[in-house]
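Residues per chain are reported as follows:
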Amino acid sequence: MFTIQEIIETIKMVQEENLDIRTITMGISLLECAHENNKIACTKIYDKITRLASRLVPVGEELEREFGIPIVNKRISVTPVSLIAGASSLEDYLPYALTMERAAEEVGVNFIGGFSALVHKGYTEGDRRLINSIPQALAETERVCASVNVATTKTGINMDAVFHMGRVIKETAELTADRDGLGCAKLVVFANVPEDNPFMAGAFHGVGEPECVINTGVSGPGVVKKAVERVGDGDFGLLAETIKKTAFKITRMGELVGREAARRLNVPFGIVDISLAPTPAVGDSVAEILEAMGLERCGSHGTTAALALLNDAVKKGGAMASSYVGGLSGAFIPVSEDEGMIRAASEGALSLEKLEAMTSVCSVGLDMIAVPGDTPVETIAAIIADEAAIGVVNQKTTAVRIIPAFGKTVGDYVEFGGLLGRAPVMAVNKFSAEDFIKRGGRIPAPVNSLGN
Amino acid sequence: MVNKNEESGSRVIISVLGQDRVGIIAGVSQILSEHNINILDISQTIMQGIFTMIMIIDMEKSSIDFARLKGLLQQKGEEMGLRIDAQHEKVFRYMHRI
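As given, the protein sequences belong to chains B and C, one line each in that order. In terms of my numbering, the first sequence is residues 1 to 452. In terms of my numbering, the second sequence is residues 1001 to 1098.
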């Protein structure tokens, strides 16, 4: 049986340290919904999503009650819509986004991901139309999330797509300027995108995935932070060991909830994403874990090393705890969603350049970063290109979720509320990358031997 | 050995936290016996000045479902000024046993 200490430890994790299951995400294949008549396609999409996901939210709430662990979000990811919508001759894919929105609303999920295209080597006609439809789609929906993969290690970086996404991000920010550029918080540009990621805004249901699947994402920075604090001034071995054990316990909850949800919904269980996902809640911060390790502020010298240790220990513990680990699986460092990151950025401890370095040792990338509204399109594209290069060369996922804050400049804040939080507008390098970005074409895939 | 009840997930852990007072066990036990729920184990201690009681119960023959029991316990907790919760035993097994 269990000792009282074990039981209290679990209860405390939930009550005091913000342990929760961040998301149960149902992946749904829409491949069969493609149709040359877009109205028929949309009807099929709506019917399929609402049929398969009808019990997702009730089952999530049932598990929450029985296990006594909050399941913060129930979400849906679908096949990249460019693959489905490409069958029709429709130029503007907004109707597909509105259909996703209606279906999500009907089943009661707060986000639906998959308004996506994979263009790391080139565009299909459907990809081009989808990407052009993103700004309007994100402005006119609340729940729909979009993502575009512009690079992989095997194909290199599609710089035409990178430049295109720079323009799309700028346009999305403009169309949602009255909401501080909220549209951009629902848009991720990826390199090496995983096909089974349960976290928004980058989730979609890859073509190698089954008909329907349940993936889960855990949270738990608060739990890790408390554990790190208990290590005191112990050495790095003890620190890593403690984080590893804590990550194991956290991930076990994701495994349990994922398996139970899949069983009750009668769909296969996919993966647990072992990412440490922060929230704006006090104490639920990845930055504060790094600070608990001994850094005065996240962003100081030493931050990249501390994050590397954290990320690796979380993976080691998490991999042991779950039979199938997937998705992004690393520590997240979104600025707006993490109180410690917000503080570090506001106080000038954390710069965009340091964040970029940090993304080379963790998932997922420059996430929820607000930049001045007058940042040129080419600079945004160049930021994406840098991030993609880190991902492609290091054979890992990287992403950019950046918000040009219209009418705002360094020192101002953008406010989204809820899990998306708020972000200080950060300075970007003033020198131009225009001529570089405008070259066009692809950056070739890197050589994978000669690995220095 | 994993016995049948562990497998079927009918085991539940009730946790009571708060200020010690007369009638805590009686209050909780009464709810359980009224609904044909068997108590497998009880332990209690004072942790960091807080009264802590853990009960392991088996709901296999229970006359009410889990949600109803949880509601009754929470109501009792409010009456007595305590935090009373019920969670499936699986949560603890997954977290603390390899």
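Honestly, the hints are just simulated from the structure, not real lab data. You may find that some hints are simply not true.
As the list claims (entries may be wrong) - Label pairs and their calculated CB-CB ranges:
no.	chain 1	residue 1	chain 2	residue 2	range
1	C	Gln1030	B	Val207	54 to 60 angstroms
2	B	Glu61	C	Phe1051	27 to 33 angstroms
3	B	Tyr324	C	Gln1048	46 to 52 angstroms
4	C	Ile1050	B	Glu32	27 to 33 angstroms
5	C	Asp1041	B	Ala357	51 to 57 angstroms
6	C	Gly1049	B	Glu353	45 to 51 angstroms
7	B	Pro268	C	Gly1018	28 to 34 angstroms
8	C	Gln1048	B	Asn429	48 to 54 angstroms
9	C	Ile1050	B	Ser323	48 to 54 angstroms
As the list claims (entries may be wrong) - Straight-line distance between alpha carbons at most 25 angstroms, and here's what the computed BS3-like set of lysine-lysine pairs gives:
no.	chain 1	residue 1	chain 2	residue 2
10	C	Lys1076	B	Lys249
11	B	Lys354	C	Lys1076
12	C	Lys1090	B	Lys244
13	C	Lys1090	B	Lys245
14	C	Lys1061	B	Lys12
15	B	Lys226	C	Lys1090
16	C	Lys1090	B	Lys12
17	B	Lys226	B	Lys316
18	B	Lys244	B	Lys154
19	B	Lys316	C	Lys1076
Unchecked claim - Far from chain C, some chain B residues (derived; all Cβ distances over 12 angstroms):
no.	residue
20	Gly68
21	Arg143
22	Thr251
23	Glu255
24	Arg259
25	Ala321
26	Val393
27	Phe416
28	Asn429
For glycine and all other residues, C-beta sits at the position ideal for the given N, C-alpha and C.
Evaluation of the provided hints:
1. As the Cβ distance of Gln1030 of chain C to Val207 of chain B is approximately 57 angstroms, the hint placing it in 54 to 60 angstroms holds.
2. For the pair Glu61 of chain B and Phe1051 of chain C, the supplied restraint of 27 to 33 angstroms holds, since their beta-carbon distance comes to about 30 angstroms.
3. Checked against the hint of 46 to 52 angstroms, the pair Tyr324 of chain B and Gln1048 of chain C fails, with Cβ atoms roughly 38 angstroms apart.
4. Checked against the hint of 27 to 33 angstroms, the pair Ile1050 of chain C and Glu32 of chain B fails, with Cβ atoms roughly 56 angstroms apart.
5. For the pair Asp1041 of chain C and Ala357 of chain B, the supplied restraint of 51 to 57 angstroms holds, since their beta-carbon distance comes to about 52 angstroms.
6. Look at Gly1049 of chain C against Glu353 of chain B: about 48 angstroms separates their beta carbons, and that is inside 45 to 51 angstroms.
7. The beta-carbon spacing between Pro268 of chain B and Gly1018 of chain C, approximately 42 angstroms, falls outside the hinted interval of 28 to 34 angstroms.
8. Between Gln1048 of chain C and Asn429 of chain B the Cβ separation comes to about 51 angstroms, which falls inside the hinted range of 48 to 54 angstroms.
9. Remark: the range hint 48 to 54 angstroms for Ile1050 of chain C to Ser323 of chain B is contradicted by a beta-carbon distance near 36 angstroms.
10. Of the pairs offered as hints, the one joining Lys1076 of chain C and Lys249 of chain B is violated, with about 31 angstroms between alpha carbons and a cut-off of 25 angstroms exceeded.
11. Distance hint between Lys354 of chain B and Lys1076 of chain C is unfulfilled; the C-alpha atoms sit about 53 angstroms from each other, more than 25 angstroms.
12. Note on Lys1090 of chain C and Lys244 of chain B: the hinted pairing holds, with a Cα-Cα distance of about 21 angstroms set against a maximum of 25 angstroms.
13. Our distance criterion of 25 angstroms between C-alpha atoms is met by Lys1090 of chain C and Lys245 of chain B, whose separation comes to about 19 angstroms.
14. Pair hint Lys1061 of chain C plus Lys12 of chain B does not hold up; C-alpha atoms about 30 angstroms apart against a cutoff of 25 angstroms.
15. Between Lys226 of chain B and Lys1090 of chain C, the direct Cα distance comes to roughly 24 angstroms. Compliance with the 25 angstroms bound is thereby established for this hinted pair.
16. For the given pair, Lys1090 of chain C sits about 17 angstroms from Lys12 of chain B by alpha-carbon distance, which is consistent with the 25 angstroms threshold.
17. Of the supplied pair hints, the one linking Lys226 of chain B and Lys316 of chain B holds, its CA atoms being roughly 19 angstroms apart against a limit of 25 angstroms.
18. Between the alpha carbons of Lys244 of chain B and Lys154 of chain B the distance comes to roughly 31 angstroms, so the proposed pair goes past 25 angstroms and is violated.
19. Restraint check for Lys316 of chain B and Lys1076 of chain C: not satisfied, since their Cα atoms lie roughly 42 angstroms apart, outside the 25 angstroms limit.
20. With 12 angstroms as the threshold on Cβ separation, the claim that Gly68 of chain B sits away from chain C is violated: the shortest Cβ distance comes to roughly 4 angstroms.
21. At roughly 28 angstroms from the closest C-beta of chain C, the C-beta of Arg143 of chain B stays outside 12 angstroms, upholding its exclusion from the interface.
22. The non-interface label for Thr251 of chain B is inconsistent with chain C: the shortest C-beta to C-beta separation is roughly 10 angstroms, within 12 angstroms.
23. Separation of Glu255 of chain B from chain C is inadequate, the least Cβ-Cβ distance of about 7 angstroms not exceeding the 12 angstroms criterion.
24. Non-interface status of Arg259 of chain B relative to chain C is broken: a Cβ of that chain comes within 12 angstroms, the nearest being about 9 angstroms off.
25. With 12 angstroms as the threshold on Cβ separation, the claim that Ala321 of chain B sits away from chain C is violated: the shortest Cβ distance comes to roughly 9 angstroms.
26. Separation of Val393 of chain B from chain C is adequate, the least Cβ-Cβ distance of about 37 angstroms exceeding the 12 angstroms criterion.
27. The claim that Phe416 of chain B lies off the interface holds: its Cβ sits roughly 32 angstroms from the closest Cβ of chain C, which is beyond the 12 angstroms cut-off.
28. For Asn429 of chain B, the non-interface assignment is confirmed: its Cβ lies about 46 angstroms from the closest Cβ of chain C, beyond the 12 angstroms cut-off.
The structure fails to meet hints 3, 4, 7, 9, 10, 11, 14, 18, 19, 20, 22, 23, 24 and 25 from the earlier list, while all remaining hints are met.
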